[in-house]
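Chemist: One-letter residues, chain by chain:
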Amino acid sequence: MARFHQLSVTDVTKTIRDAVVVTLKPVNGGDFDFTQGQYLTFRQDFDGTEVRRSYSICAGKDDGVLQVGIKKVEGGAFSTWANETLAAGMTIEAMEPMGSFHTPITPDAGKTYLGFAGGSGITPVLSIMKTVLMREPLSTFTLVYANRGVNTIMFREELEDLKNLYMGRLTVIHILESDAQDIDLFTGRVDTEKCKALFEHWIDIESVDTSFICGPEPMMLGIAAALRDHGLSDDQIKFELFASAQPGRLKRKASTAESGAQAKSTEATITMDGAARSFTMDKDQSILDAALENALDAPYACKAGVCSTCKCKVLEGDVEMVANHALEDYEVAQGYVLSCQSFPISDRVVVDYDQ
Amino acid sequence: MTDTMDITDYLAQGGRLTNPANVPSRYRAELMKIMATFVDSELAGAAGFANVINAGPGIKERIAAARIVLEKTDNADRVLRLMGEFGANTDRYANHHPWSDRLPRDTAPGTPRSAHDMRLSVLNYPLTDWADAVVMNLLMGLAVGVQLTEFLTSSYQPFAEAIREVAPREQRHTELAVEGLQKLIAQGELDAVNQAAAYWWPRVSESFGAGVSPRGEALNAMGLRSKSNADLRTEWVEVATAALKELGITHPAP
Chain A
-10 MARFHQLSVT
0 DVTKTIRDAV
10 VVTLKPVNGG
20 DFDFTQGQYL
30 TFRQDFDGTE
40 VRRSYSICAG
50 KDDGVLQVGI
60 KKVEGGAFST
70 WANETLAAGM
80 TIEAMEPMGS
90 FHTPITPDAG
100 KTYLGFAGGS
110 GITPVLSIMK
120 TVLMREPLST
130 FTLVYANRGV
140 NTIMFREELE
150 DLKNLYMGRL
160 TVIHILESDA
170 QDIDLFTGRV
180 DTEKCKALFE
190 HWIDIESVDT
200 SFICGPEPMM
210 LGIAAALRDH
220 GLSDDQIKFE
230 LFASAQPGRL
240 KRKASTAESG
250 AQAKSTEATI
260 TMDGAARSFT
270 MDKDQSILDA
280 ALENALDAPY
290 ACKAGVCSTC
300 KCKVLEGDVE
310 MVANHALEDY
320 EVAQGYVLSC
330 QSFPISDRVV
340 VDYDQ
Chain B
108 MTDTMDITDY
118 LAQGGRLTNP
128 ANVPSRYRAE
138 LMKIMATFVD
148 SELAGAAGFA
158 NVINAGPGIK
168 ERIAAARIVL
178 EKTDNADRVL
188 RLMGEFGANT
198 DRYANHHPWS
208 DRLPRDTAPG
218 TPRSAHDMRL
228 SVLNYPLTDW
238 ADAVVMNLLM
248 GLAVGVQLTE
258 FLTSSYQPFA
268 EAIREVAPRE
278 QRHTELAVEG
288 LQKLIAQGEL
298 DAVNQAAAYW
308 WPRVSESFGA
318 GVSPRGEALN
328 AMGLRSKSNA
338 DLRTEWVEVA
348 TAALKELGIT
358 HPAP
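Going down the list, the sequences are from chains A and B.
Using the numbering used here, you'd call the opening residue of the first sequence number -10 and step up by one each time.
Using the numbering used here, you'd call the opening residue of the second sequence number 108 and step up by one each time.
Simulated from the structure, these hints should not be mistaken for laboratory data.
Idealized CB from N, CA, C, for every residue including glycine.
There's no promise every hint is true.
If you want a taste of the chain A side facing chain B, the calculated C-beta under 10 Å gives, among others [to be verified]:
| id | residue |
| --- | --- |
| 1 | R145 |
| 2 | P207 |
| 3 | M209 |
Construct the entire structure; sequences and hints are all you get.
Modeler: What follows is the structure in structure tokens.
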């Protein structure tokens, strides 16, 4: 089970106009000895609603610090707060590092890595890059880094320093969407075509052992397609998908609870896969069992309130959840229940498996 | 580079999801079911095998059986940890069920044991003796091998990666079964082996589920599955038939 730990903020540094690097130090335990490429999940309360966001660690294993990069997203509560309000001396809560965006370190092997990063997707790639360059002295790393323009490049100076430090082992190719560069190839978007052109003239794709990709979805698909076309197998291509795909701020549950309900049965409406079905169910039957009985292919696994597969959201009415070993308080506050453990109390309930 | 696309389109085009924060609800539910089926089957398989360790005729056989129990339990742990990242209570999960429970031996093939666990139906049947256990391990091991190829390309990258580590160990368990059968047959146990094969064949076959699953298309679109149950079963019939032939075991009536 994921638990949150307190971290004190020791430094907040702006990297570009709308992105900060936050340095953290565990206060009350928790194993924050991360693996390169992992991420931290933070939680923060905004007007009574808990928001959780995950951000990649950008530090290398040997930097001796725990750092994440946070880019401000338009309308994003957490990233705006981190960029405008968060300051050294404050405390923040995060879960222990998670994620499998990495390959094992092999100090004796000379591997060829190819990284692709789009915008703030640089953060985990930077962590991996710094770590493998330090711990695998025979390995080389080529980074293809896509940005809108020069002034939106996160960690630009740090990358220059790394290039000097690892002369001959680190190659950085900046692809800029709107700023013209000396070489035409380095202008535009990183898509399948661009990759093909890069593989023709600039990158020896045959020699690549592992490729790491972190960026927006269309960019990742385009790059992965090009890599597969050039013979890389699925286990050589590592993806990390972030920020853009995360849902926005959660709305609060619309409470229309009825009180003093008398009937033994409940009018239930259950939505799944975009279709709603209504039926009458007994109050001594769980929401899940009623859904299954009414030919809905509702998800479940353990039926014991521990696995959370049957999670759904109560949109209207009240249910009693008799056991809950999986959902956290904030999820319950938002109206989520384990349907295998939930029995209707009100005479009408509306439940959604799609949210 | 802030342009995004609909997550459904992304998945349909072969995109990968990488952590619980970016999976849609329905995807989460289907993924959890798949992972629970794997975890429950490994736990039930390990629990069943634990009971036959001492039935092994020699030290080598007991080591092989103990190793299978250890590694299947560890395989379950790897995937259960992923379920834990989605909120599953992993400590409770491991104990919420008597994994060694079985139905009576003569129960018809394809019968589910209870609504409370997701183990494949073949794991509902008890093992009788060493020959029985080794035959089951061979036929089921080959089935697992076929089923795991589906998960190697799962759109949930951490699951695909866990399976990539698990698959070679499962493969080794199947090889241990082949070695075990060669030894049994050399010792004149072919009749017992043939009987066990006749018992387990239809039960393993049933574990592939309905030929056409109504959820199949949705799972394909999510990148969680790629082949139909019927296709997987056909693949298994091929490899299992070849394996039995090579060992000189009578092919059970299909």
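Chemist: Now look at each hint and say whether the structure bears it out.
Modeler: Now the hints, each set against the structure:
| no. | hint | verdict |
| --- | --- | --- |
| 1 | R145 | violated (15 Å) |
| 2 | P207 | holds (5 Å) |
| 3 | M209 | holds (7 Å) |
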